[in-house]
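Given only the sequences and the hints, what does the whole structure look like? Please build it.
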Amino acid sequence: MILDFLTPVADSVIAHAKLQDKQSLGSSISFYKEGGEFPEIEKGALVLVGVLENRNDINYLGEQLSFEETRKAFCELFPGNWKMPIVDIGNIHPGETVSDTYFALKKVVAAVVKLGAIPIVLGGSHDLTYAMYRAYDDLDQMVSLVCIDAKFDLKDPSEGIKNNNYMNTVVVEEPNNLINFSNIGFQTYYNAQEEIDLLEKLYFETYRLGEITNDIGLVEPITRDADVVSFDMTSIKASEIAKGEGYRSPNGFDGKEACAIARYSGVSNTVSSFGLFELNNKLSCSGVMLSAQMIWYFVEGVHCRIAEPSLSSEYGYKKYIVPSQDYDLVFYESLISKRWWVKLPDNELESNNIKKHSLLSCTQEDYLIACDQQIPKRIFKAFRKNLI
Numbered sequence: 076m077i078l079d080f081l082t083p084v085a086d087s088v089i090a091h092a093k094l095q096d097k098q099s100l101g102s103s104i105s106f107y108k109e110g111g112e113f114p115e116i117e118k119g120a121l122v123l124v125g126v127l128e129n130r131n132d133i134n135y136l137g138e139q140l141s142f143e144e145t146r147k148a149f150c151e152l153f154p155g156n157w158k159m160p161i162v163d164i165g166n167i168h169p170g171e172t173v174s175d176t177y178f179a180l181k182k183v184v185a186a187v188v189k190l191g192a193i194p195i196v197l198g199g200s201h202d203l204t205y206a207m208y209r210a211y212d213d214l215d216q217m218v219s220l221v222c223i224d225a226k227f228d229l230k231d232p233s234e235g236i237k238n239n240n241y242m243n244t245v246v247v248e249e250p251n252n253l254i255n256f257s258n259i260g261f262q263t264y265y266n267a268q269e270e271i272d273l274l275e276k277l278y279f280e281t282y283r284l285g286e287i288t289n290d291i292g293l294v295e296p297i298t299r300d301a302d303v304v305s306f307d308m309t310s311i312k313a314s315e316i317a318k319g320e321g322y323r324s325p326n327g328f329d330g331k332e333a334c335a336i337a338r339y340s341g342v343s344n345t346v347s348s349f350g351l352f353e354l355n356n357k358l359s360c361s362g363v364m365l366s367a368q369m370i371w372y373f374v375e376g377v378h379c380r381i382a383e384p385s386l387s388s389e390y391g392y393k394k395y396i397v398p399s400q401d402y403d404l405v406f407y408e409s410l411i412s413k414r415w416w417v418k419l420p421d422n423e424l425e426s427n428n429i430k431k432h433s434l435l436s437c438t439q440e441d442y443l444i445a446c447d448q449q450i451p452k453r454i455f456k457a458f459r460k461n462l463i
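Mapping of the sequence shown onto the numbering used here: residues 76 to 463, in sequence order.
If you're looking for bench data, these hints aren't it; they were derived computationally from the structure.
Where hints are given, some of them may not hold.
[Unchecked claim] Each computed BS3-like pair below joins lysine-lysine, with the alpha-carbon atoms no more than 25 Å apart:
#, residue 1, residue 2
1, Lys-418, Lys-394
2, Lys-276, Lys-158
3, Lys-452, Lys-394
4, Lys-331, Lys-312
5, Lys-118, Lys-230
6, Lys-108, Lys-93
Written out as structure tokens, the structure is:
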């Protein structure tokens, strides 16, 4: 029972919600309150849960986390024309060990996803992404993980999991359920060349900050294939979110771009959990407001999801075949959403027990590039990985 891992939302948040306009989110969110019944989690609900864990932050100095201000800021906002209920089930407090906290988060995320709801995790250190990923062990499915982060978090793992190295464990630990990893917004000078080379050898996807800020629409096909989206708040430029000697990076996403990424994540029909991490006491008032608005945009994205017909029948799609020297590329365009996919080659190796995704989300631009007898980088990597 996930209730064993949770503590109610703070009374100050409940009181603040009651003071808001009757049409605001504060009046419509179902809270897990002290002395009250645990709220019902319906299929299709958005479920907020805080994880007050940051002991594996490499800069940890004993700080106590609180997400009360982010929750209050979210309550002040007005909903769109949403039909999905929003539930706040409180916080997971640090366990006796960090592994205990990971276990609790894993169980909570798995339970919420099994109910057909979407957990929105408010987290401390970014290593909590590892626990979100491991939650899918209980769901018997492969995982496509997207991280928005200036760093790959592949530093030396010899001292155990930290917020700057947890991806090592995600990549190598059994059971290996990672079908794909995509990093959005990395900054080269924060990452060793061997880390960049490793991700290239594994045919994982990496996108520099400049690539994304030049065309934020690149995020849509990346997140469209994702199961888990994890957003590190330190990927946002310090001037947007930091106070004092907090986050230090002068470069990063701005607030509008961060909200756009959150919305693209919500629009994806496959994203079943979303997390905001490195939410700590270094956030300025504007940083707190931005975190609340990012949650708002994720929910807005979920509201705007489009149910596409199954591609197995090809009904509702235009099919395009692009002949090439080695094999034909088969593209599909949805007649409903105008979104594009490309068919990946089948893997016929009997020894390969990893379930392969037969389709890759792409763009019309990818199709046009293929018509010029060139293979876009993302499609090339997916083809190579599918043949391993």
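Violated hints - listed by number, lowest first: 2, 5
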